[in-house]
Amino acid sequence: MTELKMNRRSFLKSAGALAAVSCLPVSMVELAFADQKKNFTFAYISDSHIQYITGGGFVRNWDRGLIRAVAETNLLQPKPDFVVFGGDLAQLGMKEELDHGAEMLAKLNYKTYCVMGEHDYYLDLGEYWSKLYGPHYYSWDHKGVHFITLNSIITYDEWTHERWPTAEQPMLEMAGLDNPNGSPFMVGEEQRKWLAKDLEKVKKDTPVVLFSHSPIQKIYKGWNFWTEDAEDVHALLKPFDDVTVVYGHVHQIQYNQIGNISLHAVMATAWPWPYPQSYAQAESHLPKLTVPMNRADPFFERDATGWQFINMASGRVAMSYNLYNNTNRTVAFDPKTGTPRDSAYQNSENRIPPQTHY
Amino acid sequence: MSKKIAGAALMAIVLAMIVGRFTVKADEFTKEDLERWQNEYMSVVEKGRALWVSPELGTNGVACAQCHPNAANTHPETYPKFQQQLGRVIALRDMINWCILNPLEGPTLALDSAEMIALEAYILFERRGVELAPGKH
Ligand SMILES: [Fe+2]
Ligand SMILES: [Fe+2]
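Same order as they appear, the protein sequences are chains L and U. Our numbering applies: residue 132 is where the first sequence begins, and numbers increase by one. Our numbering applies: residue 884 is where the second sequence begins, and numbers increase by one.
Source of the hints: derived by calculation from the structure; they are not laboratory data. We put the CB at the ideal spot given by N, CA and C, even for glycine. Don't take every hint at face value.
As the list claims (entries may be wrong) - Simulated DEER-style distance windows between Cβ atoms:
(1) Asn312/L - Ile973/U: 29 to 37 Å
(2) Pro938/U - Pro484/L: 49 to 57 Å
(3) Ala997/U - Gln412/L: 20 to 28 Å
(4) Ala1016/U - Asn478/L: 21 to 29 Å
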């Protein structure tokens, strides 16, 4: 009975969410492109952590998260121009997991771009992932915006290639977020050189949007909410007027403004993570700008998970978080403050108790 | 002082001298004792940490650490508290069992089992220094 009631409620809730999404963005952002055809949207799904169970089968909870994101994204109106999957499709980089995840993603009715996550990478250094999705880093242009995807979860060569007795070991070590044997993420010199070259041909007033798995900023090293060479990447992006970074990995709402760069995190479809400030032994640098997501209610397994819908009409990101068991959030670049802002909760007097994490 | 009482007192002193040779004094402990007790405690914390990252605690390979890195978001200092979803005041170990049963799809632990105590020891170790806040949501 409760089950039935719940399903009905969740259905109505998601129907409502879709309605809100479809009538939200264009009216609330300043249009940067005189050419209306250039105003477009895309969807962002991330961190599905499809997990193979030894002996057969997959963790049902994580499967449900991705299935739902794909189904709802397909219902979007207006249709997004493409979808980005933000990394951590698999839990332990296994073929079974990547195949099962790819099968679910294949149901998307749109072109899909993929970002590499550490859970996809460390078993075979991205080899099987590449068979499914191609190069680890690349760029493309779409309706006046330059898009870039980086593999930001590589680390020191010694850690990757020399430290561990078996090929499985680095995957198991990196998969534990709080594992002290892990190693900081980085973009690395090879990709930074490639990026510098890629950006040479881009005009300085072209909006640039960069997708990475790890935050291209330093929040908490202990959980790899971190990219070791973040400042070097920022330096390459500095000459451009409008730069946005969208990242996964953190399984929570985060946003920040560093110089000319707006940074936005996306939710996971699998499970939410605590904010680093709720680990009593840690020093956290959660951006002051961020109004946290609501604390998750574990009795609703989809609470504090979800997917995103992004409007690019301003040349900057207007991010709508579609939260399965919670009030949706919108965080959009505000030209008045020059930072991303939450449409409802940015002022401290508008905050609600579930946004306090401890 | 009566002879009787003086005799009894003398007797007590003699007894204490004899017994004292063979028993530990309850109110005195050494640096070595402290060290040993701390090590005993830490060995249980380590067992708790091992269970925390173990795919074997449940049946679906999911571990507590996947959602609670460093046991964050377990708020041991707030228990016992009113768990609104259950409609009653529960202990930390009840919520530990709830998470074993649900996200881990596993069998619950006996409330006084060595594993339960180890999980609590680990959770509280990661939360050391935080003020008690029983009842807080
Ligand atoms: Fe992830
Ligand atoms: Fe990740």
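Tested hints:
1. Asn312/L - Ile973/U: 29 to 37 Å: holds (35 Å)
2. Pro938/U - Pro484/L: 49 to 57 Å: violated (35 Å)
3. Ala997/U - Gln412/L: 20 to 28 Å: At roughly 25 Å between Cβ atoms, glutamine 412/L and alanine 997/U fall inside 20 to 28 Å, so the hint holds.
4. Ala1016/U - Asn478/L: 21 to 29 Å: holds (27 Å)
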